[in-house]
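S.K.: One-letter residues, chain by chain:
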Amino acid sequence: MACCAFALYLLTQLLLPVRWLRDRLFGAPRQTASASVAWAPGMTVATPARRSRMKPVLLAIIAAEVLGVAAYAAPATPVAEAALFTQFHQSLCTSVFGRVP
Amino acid sequence: MTVHDIGLHAAKLGALPGRTGPVTAARQRRTWLIYGSAVALGLAPMLLGASPALQAAGLGLIVPGGGFLATGGWAVLLLPVTLIVFVASLVAWFWAGMVLAPLVVWVGAAALAAAMTGDTTWSFAAPAALASAAGIGLAFRARNEKQRAEGAARFIARTGFVPQSLAEVRRESAQVPDSQSREMGPEELAALRYLLDRALQPINEWGGFDIIDQFQPAALRYQLNHMGFALGIAQRAYCPAFSGYLGEAQRNLITKYLDRRVWGYWVYESCWGHLNFTNWDPARRDNIMLTGWFGMHVGQYMLASGDRRYLEPGSLSFKLDNKTTYVHDFTTIIGSVTSNYSTAEFGHFACEPNWIYPICNHYGMGSLAVADAVCGSDFVPTYLPGWLAAMDTEFTDSAGSIIGLRSQHTGLPVPFPVGEAGYAPFENIFVPDRAQRLWAIARRELEPLLVDNGTRLQMPGKGLDTGNYKAGHVGAYASIMFAANEFGDEAMAAAAKAGLDHDCGRDMTNGVRRYTAGSNDTNSYAVLAQLTRTGDFRAAFTTPPAPGNHSGPRITEARYPDVLVAKAKSDGQGLNAVLYPGDKPGQHSLTLGQLIPGLTYKVSGATVPQITAATDGTARLDVVLNGRTPLTVSHA
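Heads up: the sequence lines are chains A and B, in that order.
Residues 1 to 101 (my numbering) make up the first sequence, in order.
Residues 1 to 636 (my numbering) make up the second sequence, in order.
For the record, the hints were derived by calculation from the structure and aren't laboratory data.
A portion of the hints provided could be inaccurate.
To be verified - Negatives, chain A to chain B, calculated, CB over 10 angstroms: (1) R22; (2) R24; (3) L25; (4) F26; (5) V37.
As the list claims (entries may be wrong) - Taking beta-carbon pairs under 7 angstroms as the criterion, some of the chain B residues facing chain A (in silico): (6) G207; (7) D210; (8) Y268.
A virtual CB, placed ideally from N, CA and C, is assigned to each residue, including glycine.
Please take these sequences and the hints and turn them into a complete structure.
M.R.: The structure is reproduced here in structure tokens:
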């Protein structure tokens, strides 16, 4: 659903205050030197900044939770909620694309 | 002391507290009229006793998410959520010209509320929606009033210090360095190498560039432009008689700019901003962030080098795919700027659809200035009066500062941080008197940031690097240093340089200087700042190098990075150069060009005392480089 990609973009904007709060509570992530600025001829690709070791673990946990909840909830989703979702999708997306993409 | 003395004309007095320009005022009236109509339309279903769904939809027109008040129950919580999403949609509008985004969120939320509303509505929904709208409106009004009052106070404070500061700026700006004797030192060469390393790689390689998004300030186009500006300063001010790798580097950047990855953002912005799904020519309507900047960039190269290849039809064409190419050259790029100015209601025109940035319009007028210098046109005298009048009436706040960003459709201003120091060097290109006033204000207002007995600037907070959206002050320090150097303010330039070195991770590895706490874009700006001396930026877009540099003997080939050319000047008869070794001392070859065929020249600083030009006007010689090495070539 193309419109959902746009919605996802909006969602990422919503996370900005969360990131601000995280920085205030736990401190901002350590600033690393820019990989592009460190580049010199002979380096084929600018190396990305070192990633947090915890990041893959956290992502895996979140993914497992989301998939688990989805797997559990899907068969039992009430008809009314499914209809509401469809209605939501149609009302939002058809106004953009003229049809349900 | 009058307000006129600090650069405010009589017309601008009308823009002081509570007043706006005529076009802005008309747009704002239209905006409020449309909103008032929406409120009336929104209340109608409730007043007429229409269905609950229609009542909810109506309240949704009064305030984004207001319809959820009619839905009642837990759905009321969707009102603040919608307001947050609406703010996000404004960000999308601002970020990428996505004109439809706020409309979709606002109307979509109303439609969703209508769909969710049952058989009844909350009885206090209408007063609550009106109160929400009024609350938001009053909050903005209070903020605007506060800002207007603060601006007026700042304006009055400026009237106190500007006369003396302006006198100092005028005195310092008049002290232009001697063009024949100046050369780059090791620090300048190390900074220049940062750019040359990137610009001399193959065209389709992007090592050392930040590739994040192509809409906002981290976009590749801005990196390319700023790199080009700095290399152009090196060419004109230090090495006008050196083509070789310096010319190749500049042409490479121009060629990279034509890559679809650089300008392809316009395909999207045309669609969702102009609702234009067929013609995505980037040099047609709006998009001064491309035409103005690229026009300056290409024009500067041609003026400094004497190379006129970009005047050839099709020399700056944007290839979309195998079927479509938007054919352009320097004159058509400039033609886009002039045609947009000819029809610009605000006197300035937009970058992204709807958004007018005065800073980009400084680049636009800069592009016309360099077009006049290269082509002998008279665009600046034609368009500048209207441009300045618009600046004074439509884009000036109560402090006398330039408003950073205004919505073309609604007339509403949006905060965008470009201070006097950011505008001053660009205004110096085409209206130096006003530019000096801008710098006279900036330098005084920066003084509270001086530490260590005034020898170092210290920026507060974490800052923002617009080249990668991370924290950092490289751009801020570089902007101040650049402006200070352009106006000959050596003390402030040194303080900004000290701040850069102290706070921004100065690194010198293998003879290349960089600031590791910055992005590629702001590092490029720091190189521009490092190379600029009094009046260099203005001259780079208005005045070709001294006569003889483009016709006399020149260095046409030198191996990079073995041979670093710190100076190359010609009086039309001989050559006066200064060379440094790159990575290590050694003997290296140079090729000279534009010599008189068959003539013997006397040489000093090379392994031979004389050379004889070949029939094509070239000659080769060897130099032994071990530190600073002067090289002179003159008639025997």
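S.K.: Compare the structure with each hint and give your call.
M.R.: Structure-based check of all given hints:
1. R22: 14 angstroms, holds
2. R24: Nearest chain B Cβ is 12 angstroms from A:R24, so the label holds.
3. L25: Holds, because the least Cβ-Cβ distance between A:L25 and chain B comes to about 16 angstroms, which exceeds 10 angstroms.
4. F26: Since the minimum Cβ distance to chain B is about 15 angstroms, A:F26 lies beyond 10 angstroms and the statement holds.
5. V37: Incorrect as stated: the minimum Cβ-Cβ distance to chain B is 5 angstroms, not above 10 angstroms.
6. G207: 5 angstroms, holds
7. D210: This interface hint holds because 5 angstroms falls under the 7 angstroms limit.
8. Y268: 12 angstroms, violated
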